[in-house]
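All letters in the sequence shown, in the order written, are residues 68 to 240 by this note's numbering.
Derived by calculation from the structure, the hints in this document are not laboratory data. All values derive from a computational prediction rather than experimental measurement. Hints may be right or wrong, so weigh each one.
Said to hold, decoys possible - Restraint ranges, calculated between C-beta atoms of paired labels, are given here:
no.	residue 1	residue 2	range
1	Glu95	Arg203	36 to 44 Å
2	Ala121	Glu208	36 to 44 Å
3	Pro94	Ala121	38 to 46 Å
As the list claims (entries may be wrong) - Okay, derived cross-link-like pairs now, DSBU-like style, lysine-lysine, Cα gap no bigger than 35 Å in a straight line:
no.	residue 1	residue 2
4	Lys107	Lys70
5	Lys100	Lys73
6	Lys107	Lys202
7	Lys202	Lys70
8	Lys202	Lys156
9	Lys70	Lys122
10	Lys202	Lys73
11	Lys122	Lys156
12	Lys73	Lys107
Using N, Cα and C, we set each Cβ at its ideal position, and we do this for glycine too.
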Amino acid sequence: MQKYGKIDVIVSNAGVNPAPGPVLDTPESALDKLWDVNVKASILLLREAVPHLAKDSAVILVSTAAAYQYVPIIGMYGVSKTALLALTKALAAEMSPNARVNCIAPGYVPTEFSSIGLGRYGYVTDAFLQATCLKRAGTTEEIAAAAVFLASDDASYITGETLVVAGGPHARL
68 MQKYGKIDVI
78 VSNAGVNPAP
88 GPVLDTPESA
98 LDKLWDVNVK
108 ASILLLREAV
118 PHLAKDSAVI
128 LVSTAAAYQY
138 VPIIGMYGVS
148 KTALLALTKA
158 LAAEMSPNAR
168 VNCIAPGYVP
178 TEFSSIGLGR
188 YGYVTDAFLQ
198 ATCLKRAGTT
208 EEIAAAAVFL
218 ASDDASYITG
228 ETLVVAGGPH
238 ARL
């Protein structure tokens, strides 16, 4: 803070999926970890950061396209990340007009994290990709580009929204 002054952009991209499997089989300890990392961490981060935000700053939360459509094996992960959609709406109202708050909901992007949750279940990954219009996985660069857009002046009249970057999933209206 001493060197740069205020914070212009925050991207909250914390996420865990400690117990892939059916929702009702998720151990209580995993439920706690899902909440603590996937939801609570963003709230605590922003609580500490708000006094240091520049006027017209941008806050970007990272959810998942699985918040809109059930994906086998990561059902509880999707449930926990769905909370960020409502958190985005709440914070956009509470932090305006000084900051814009938006969310990105990525589809399947092959990363070390996704390989833990989906990679070992090839049939799930294949089904996820077939459910997109583009029939391919996304890239980390495409998700980063969405964040850059939401942080830019080109998105200066956008707040409280979730941008789904998922190759055109069929199930979302």
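Going down the list of hints, with the structure as the test:
no., hint, in the structure
1, Glu95 / Arg203: 36 to 44 Å, "holds (37 Å)"
2, Ala121 / Glu208: 36 to 44 Å, "violated (26 Å)"
3, Pro94 / Ala121: 38 to 46 Å, "holds (42 Å)"
4, Lys107 / Lys70, "holds (28 Å)"
5, Lys100 / Lys73, "holds (31 Å)"
6, Lys107 / Lys202, "holds (33 Å)"
7, Lys202 / Lys70, "violated (45 Å)"
8, Lys202 / Lys156, "holds (30 Å)"
9, Lys70 / Lys122, "holds (18 Å)"
10, Lys202 / Lys73, "violated (41 Å)"
11, Lys122 / Lys156, "holds (19 Å)"
12, Lys73 / Lys107, "holds (23 Å)"
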